[in-house]
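Chemist: Residue-level listing of the chains:
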Amino acid sequence: MAGKVATMADAIAGLVRDGDTVAIEGFTHLICFAAGHEIIRQRKRDLVLARMTPDLVYDQMVAAGVARKLVFSWLGNPGVGGLNAIRRVTEGEGASLELEEYSHFGMVARYTAGAANLPFFPLRSYFETDLPVVNPRIRELESPYGDGTVYVVPPLRPDVTIVHAQRADASGNAQAWGLLGCQKEAAFAADRVIVVVEELVDEAVVRADPNRTIIPGLVVDAVVVEPWGAHPSYVQGRYDRDNRFYRDWDPISRDPGRTEAWLREWVHDLGGRADYVEKLGAERIAALRPSGPAPSGSVDYGEYR
Amino acid sequence: MAEPFAAAAPAFSKSEMMIVAAARELAGQRVCFVGVGLPNIAVNLAKRTVAPDLELVYEAGAFGARPARLPLSIGDPTIVTGATAVTSMFELFAFYLQGGLVDVGFLGAAQIDRFGNINTTVIGDYRRPKTRLPGSGGACEIAINARQIFVIMRQSARSFVERIDFRTSPGNLGGAEKAERIRREQGWLGRGPSVVVTDLGIWHFDETGEMRLDSLHPGASLDEVRATIGWEPRIAEPLAETPAPTAEELGLIRDELDPEGMYTK
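One line per chain: the protein sequences are A and B, in this order. So for the first sequence, numbering that gives the first Met the number 0 puts the first residue at 0; every next one is plus one. So for the second sequence, numbering that gives the first Met the number 0 puts the first residue at 0; every next one is plus one.
In isolation and in its complexed conformation, chain B is listed as follows (with noise of 0.2 Å):
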């Protein structure tokens, strides 16, 4: 386990850190659209602790999964043996999502600006691109459509930036004030981004519409929350600290939902 933190016992890695408090923020919420990685590990996990009537949905066609292993690639069949619906992809994007029905969209993201807008397509100029990312794929209407938008990755200055090189998901545009506009206007159902979980605290959005952190996880400074963001952060007053991981939350993690540690070393 990489980094871990002297403070607190048990110990645990960043990554813990970040799944654990991305899960918490899932308490209460219903129906949640899963992304592999990170977002998948916490949903798991938020199924398992705060949020046991979660709904999964995958984009690949699957409504109320039962994963009985960690998913690698969005597609899984594990996904689908057990599931409450198997559907086309038509009806899962057109019905499912754009038809409101889905509380929380997780997205990932390769640079993110500070009203929450996401770029996960192009670094550098798009026709000669320096990196050529993935691109949209569902995040474009999941930001537009599902009633909110958690954000799940870890902080750097090379991907908390000031502007974004390509807007592949509307967050909060250029602030509150318009983004609302638009969402009034466009009849979109989403509000937009309410999280973003790093490893290194938990931002929310204020009313301006820029994120600011409200919690820093233990181990963590705010000299290293300033050196991993490429504009001068917002932070509460008064700024909390995250609650350590429990041991059951760890133990979760490492027995069950990813033994192998590969997202969480």
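Isolated chain A, as found in the complex (with noise of 0.2 Å):
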């Protein structure tokens, strides 16, 4: 199965650039952490990071000095606190990120009307908040029915997205299930998409379960098979949010020498994915695996000739 295959670090040489707009999505499940590795690793710079919830893989790409500006609606170390590398650079007097903020739904809104080649999307939030006030590219609108005004966002369009799902063919086909998120919206929005997946699997696995498909293979560019790849978020079914890591990272971001150190021992100076796992440890690892199977009910679609 050749096809769209690439490794990670091909993937993310080839397809993303200094200065792009990139979305490595997925609402605390399927975030591609091995992604914003190799981006880090690569060195990439100015890039403008865009994500509902930066969470730790935008503290850590931040921190490793890739980016100039977060889009964004929510800001935090979900479950634990703040994101410290990225408080270091958006407060007080230091303050050098540039910010894009809305909320969550005008997030998902903007990808949308990114997906959609709409110039806008209206929504019913805003009113009377601030957010307008320090984001003037959230607008208000005359409705042209006659019923008022609302609030519209302008299109998100990322010159690359990047999306972790279970599966996917060597097209590029991505099945997903468990909490999707906006990796659709995103990813029809983007220019360029990379899929990465726990498991690399035959056309006719796609084919026989079409409605779990969230992506098609028409929009993706390159599919990299990393098994661990969303550590420490988790994949439905496969291994759960590493969430020690998770409250490990709040010491660690606090401290920008330890925050260096930890970037230079587990992404600089490992090759890729398999390394950082096999750093990880079996024990380590081993606990995460569900602590049960809970599969679903098979449904029967029928043939018809």
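Label pairs and their in silico Cβ distance ranges:
#1 A:Gly93 <-> B:Glu161: 26 to 34 Å
#2 A:Ala273 <-> B:Glu161: 54 to 62 Å
#3 A:Glu139 <-> B:Gly173: 13 to 21 Å
#4 A:Glu99 <-> B:Ile234: 38 to 46 Å
#5 A:Pro153 <-> B:Lys264: 38 to 46 Å
#6 A:Arg257 <-> B:Gly174: 47 to 55 Å
#7 B:Arg162 <-> A:Glu139: 19 to 27 Å
#8 B:Lys264 <-> A:Gly147: 43 to 51 Å
#9 B:Asp205 <-> A:Gly145: 32 to 40 Å
#10 A:Tyr300 <-> B:Lys129: 52 to 60 Å
#11 B:Tyr125 <-> A:Tyr300: 48 to 56 Å
#12 A:Arg211 <-> B:Gly173: 44 to 52 Å
#13 A:Asp17 <-> B:Gly260: 43 to 51 Å
#14 B:Arg126 <-> A:Pro153: 19 to 27 Å
Straight-line distance between alpha carbons at most 20 Å, and here's what the computed EDC-like set of lysine to aspartate or glutamate pairs gives:
#15 B:Lys129 <-> A:Asp129
#16 B:Lys129 <-> A:Glu97
#17 B:Lys177 <-> A:Glu139
#18 B:Lys177 <-> A:Glu127
#19 A:Lys278 <-> A:Asp241
#20 A:Lys68 <-> A:Glu92
Read the hints as simulated data drawn from the structure, not as lab findings. Note that CB positions come from ideal geometry on N, CA and C, so glycine has one too.
Build the complex from these two chains, which are given one at a time in their own frames, with help from the hints.
Modeler: Written out as structure tokens, the structure is:
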């Protein structure tokens, strides 16, 4: 199976360019840290990083100096606290990272407009809030149907969207289950798409369950097979969120020296994800497996000749 | 367990009282938008006590969730397994929330004012903030579209302030009159904030849209309430005392919902 299958190093080198707007999407679930780390390793620069929830992956990327701007809707370490590397460059007189912020629905609406080639997307959020005051790209518009005004957000069209999924075939037809976030919208909105999967499957596996395909190979440029590529986030049915990692990142990221040492040890000094998984160790990995199986019932699509 | 109250048996912490009081407020509700942390425990306690038919909605895209463990993050895999439906975030925000299907939305706050307007964005100036907070997430649209808003947060002079530094999520704006006009004109389905449950008491909103202390938790004093709020608060006459947590409620919290005491210490 050749098709669009590429190594992570080749996919990032070929498809991510300095200055690009890059969206590594996935809401809590399916966050492709492996791609973020490869971008750090290749020392990309001046990226505009878009993501609803920047999470640890963008804290690490900002700490590594790849970003000039964040486009986001919720900036935190979920369940733990703040993103300390990002806070260092957004607080007080030292604030140097550009921020463009929305609400969750605003970000989803932006990707949706981008994917559907619309000039804007209307939503009922933002009235009587300070968000449009600090972000002039959120605009108020008279409804053409005479029922008042509504706020609109502009389309978001990333140069590159990177999504993680459970499986795909070599053409990039990607299937995912569990929380889907806005991975589909972000992929359709992008100029280039990298799909990273836990498992490469035969096209017949995809065709046997077409309802589960969230992104068609039609919009995909590269398929990277990278088991455990979403660690420390999770992959439904494969591995759990590594909550210990999220907690441990808090004290590491508070200290610039420790942050730099972490990036050296866990990113720059490693060749890729396989090294990272080996370094995590079998015991850590085993503890993240689901406590048991919970298979879906199968459905019958029927044969029609 | 920190600061047990001597007045009632069994002993309980301020956080436990706050969770129990919030759970009881959910009696009779059907669809609840859940946040992580304290709201999550309160909602799961309500489902096991006063609101067994409660449908749990998580913004990550789960409707009718049945979490088998306490989710640490808003998108924990346990909210997916066994749920009624998993949706894209577009569907969740557009159809479920903006479509008016959510009865209660829970919000936390770094700062709240007397009219229930909420700041979760910055402390200080926006461009050079003293503290950069997470921002809206879904809070702005939850505040506007959920039929009612429940706020659960600890009281302190830093958080209950006369003027919030940034309005992330609208409450009753400058008062009930304006808030009702805006809601009508804009076709909002939400009625705004209905209750603020703190570690000291239960606040509802009066006809002017301002919060009023209706119930004081056992062991808390009015002096404490006044010392932890940035304006002269309205106090109901007569002021009720919140019934202490029952042994059943405490048992559910300690044995089932938060056995490690992550949120209740």
